[in-house]
Amino acid sequence: MLQKLTISSSSFLLPKHPAWDLLSNKYNIDYKYIGNFSGALLSKSEDQILVSILFFSDFYDENLLNDLDPDKVNNSIVDLIKKKAEVSKQPLIFALSSWSSFNIVSSVFKKPLNEKIYLDFISRLSSLQKTYSNIYFFNLDYAFANLGFSKIFDRRNWYLANCRVSDIGLEEIVKSLNSVLERIYQPSNKLIVLDCDNTLWGGIIGEDGIKSINLGEDGIGKAFLDFQKTLKGLFNSGILLTICSKNNEKDVMNVFENHEFMQIKKEDITNFKINWKEKSENIMKISKELNLGLDSFVYWDDNPFERQKVSKDLPQVLTITPSNEVENWPDQLRTLDCFSRFNTTDLDKKKANQYKIRSQFVKGKEKATEELSYLKSIKLKAKKINLNSSTLSRTVQMTQKTNQFNLRSKRYSKKDIENIGKNKKNIIFLTDLKDIFGNHGPVGLIIGKCLNKKIIFIDTFLISCRVFGRYLESWMLREMKIIAKKKGYKEIYGEYIQTEKNVISKEVLKQHNFKKVDKKKSDKIFKNLRITGELYASSINNIKFPKAKLYD
Amino acid sequence: MIEKKISSCLKTIFKKEKIPKKITNLKYGNFKSWDSLNHLNLLLTIEKKFKIRFALNEMYELRSVKEIIKVIEKKQK
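Line by line, the protein sequences give chains A and B.
One point on numbering: in our numbering, the residue at position 237 of the first sequence is 237, and numbering is uninterrupted.
One point on numbering: in our numbering, the residue at position 4 of the second sequence is 1004, and numbering is uninterrupted.
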């Protein structure tokens, strides 16, 4: 079943025109409110994504150059939006254009009316956005300006059908909407794999040497320098940079350490793969070491031959075809949709470092012959953190974002977690982890729900993928058992619900000596819970924690 | 050649209709879905396909494939 999408607009935007196909292939589109955006805002439906395409020139008569008060135009519209936002559970997306034909001279002392109305409108919408996070808006004129307004707006279509734009204009509108919708529903890519020669600098380091490669303040060297600066910007916003280059490691490292114009430093790179192996093999290895899915990878290489091989071997990786002219690369990289995000949190910025730590841990573990003595040597230290006002939002975030080690993948809101915390018969705690690689912060969460006096049910058990392989799950279960025992419980039940991503947590309960339970037998206990996955149980004294002593 | 291209435009707009081989006698209203909106979408699709532009009055007047072909031939000269 396709998600419903209502398209509304202030003027008539040719329903069913082929330009809409990009969206109509993915959504069940309702065109009923094209030309009637206020009707859409007044409609009762709460479960449809609503798009409103607004041309400000539709809100007053362009031909009368009178002075209108922006308030008069905007009050009623903003009021409608607010009312809709209060009841809607789905995104409300506003695509705005304030363009109007104008005379450059007359705009010198007197700001054009369309500009005044637009500025007033977006400042009001921004403040609404603070309360209603499902409001999205963007300026279509940026998209239009790339092609030129004279190609986008079409007076013939206006007098013919009340349609402001040409078919090219309509295509641009649909494309921008598609980009925004994609980002609402799909996370952006997290990592870029970079080649070195003729990608980070001009020339071939193995042949030209560090003094002759092109990277600097003038000519084509400046283009490579700017490309690196853009990469650095991505890095600062939390995108991971990795290197995959067919070269001698020594040569490349020499550039990273000693070339004065290198913008990306050695410590900015999360993972280096400099060798003569196949690139796809190296990329797989990076994915494994960082524990990041290939579908979050982007690959940038100037060499079409290498690109073709990678896109054939690893179709999940997004292989970019860079422009033939390096001078276009900085713009191309900046405008890539795959890395675009609505906002960047401080946590995103710290991510790069956390993944680097993860990468070092995996490499160390691979080298060590005896796993347990290696884990002992990294001095694991775990700590329970209770639920309180300062840990609440992190708790909610973890239930929503953790996909791999997550037994039941239940997603919770703030209200849900507060309610769970209120009932003192329940158990809920976060786990903080430290080792010689650093302080990982809160990385685990367990929620136990009281089923009856004797039985507690593991409602949520999750661990962040950054700290896999440390047997933190054993320690957390042991802590839960200790609390459960104090509260007088005799048995612990748990459930594994399989998703596309959580196979890694499938065996956890078994490994701690839980036994599979027939669902029918347990129906009585689970009056209000519907069990859809594999059910496990153990009496409280039978649970075993083989690896928890690593933490003692 | 012109007919072939127009036929492909008809197929783009009237996805659910069966487009006959000979299209020269077709005109506005021939199919149920050939309404004023889809007629407009058709003319815009033809403009794009032939890289031409109809004037406002032509958009009002062109009602049949025959007339459309005539105008295209004139514009392509």
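The hints are simulated quantities; they were obtained by calculation from the structure and are not laboratory data.
Treat the hints with caution; some may be incorrect.
What the hints assert, rightly or not - For lysine-lysine, the following PhoX-like pairs were computed, each having C-alpha atoms within a straight-line distance of at most 25 angstroms:
(1) A/K26 <-> B/K1074
(2) A/K151 <-> B/K1016
(3) B/K1004 <-> A/K32
(4) A/K151 <-> B/K1051
(5) B/K1015 <-> A/K4
(6) B/K1016 <-> A/K26
(7) A/K363 <-> A/K376
(8) B/K1075 <-> B/K1016
(9) A/K401 <-> A/K351
(10) B/K1016 <-> A/K32
(11) A/K151 <-> B/K1048
(12) A/K16 <-> B/K1074
Hints versus structure:
For the proposed pair A/K26 and B/K1074, the alpha carbon gap of about 40 angstroms is over 25 angstroms, so the pair is violated. Under the criterion of a C-alpha separation no larger than 25 angstroms, the hint pairing A/K151 with B/K1016 is inconsistent with the structure, at around 31 angstroms. At roughly 33 angstroms between alpha-carbon atoms, B/K1004 and A/K32 are farther apart than 25 angstroms, so this suggested pair is violated. With a C-alpha separation of about 14 angstroms, the suggested pair A/K151 and B/K1051 falls inside the 25 angstroms cut-off, and the hint holds.
Taking the CA atoms of B/K1015 and A/K4, the gap is about 21 angstroms. The hint holds against a cut of 25 angstroms. For a cut-off of 25 angstroms, the pair hint linking B/K1016 to A/K26 stands: about 19 angstroms separates their Cα positions. A distance of roughly 16 angstroms separates the Cα atoms of A/K363 and A/K376; the hinted pair therefore holds under the 25 angstroms criterion. At roughly 30 angstroms between alpha-carbon atoms, B/K1075 and B/K1016 are farther apart than 25 angstroms, so this suggested pair is violated.
Taken as a hint, the A/K401 and A/K351 pair is honoured in the structure, with Cα atoms around 14 angstroms apart against an allowance of 25 angstroms. Between B/K1016 and A/K32 the CA atoms are separated by roughly 20 angstroms; this keeps the pair inside 25 angstroms, and the hint holds. The hinted pair formed by A/K151 and B/K1048 meets the criterion: a straight-line CA distance of about 13 angstroms does not exceed 25 angstroms. As the CA atoms of A/K16 and B/K1074 are separated by approximately 29 angstroms, the hinted pair breaks the 25 angstroms bound.
Violation of the numbered hints given earlier is confined to hints 1, 2, 3, 8 and 12; the remaining hints are satisfied by the structure.
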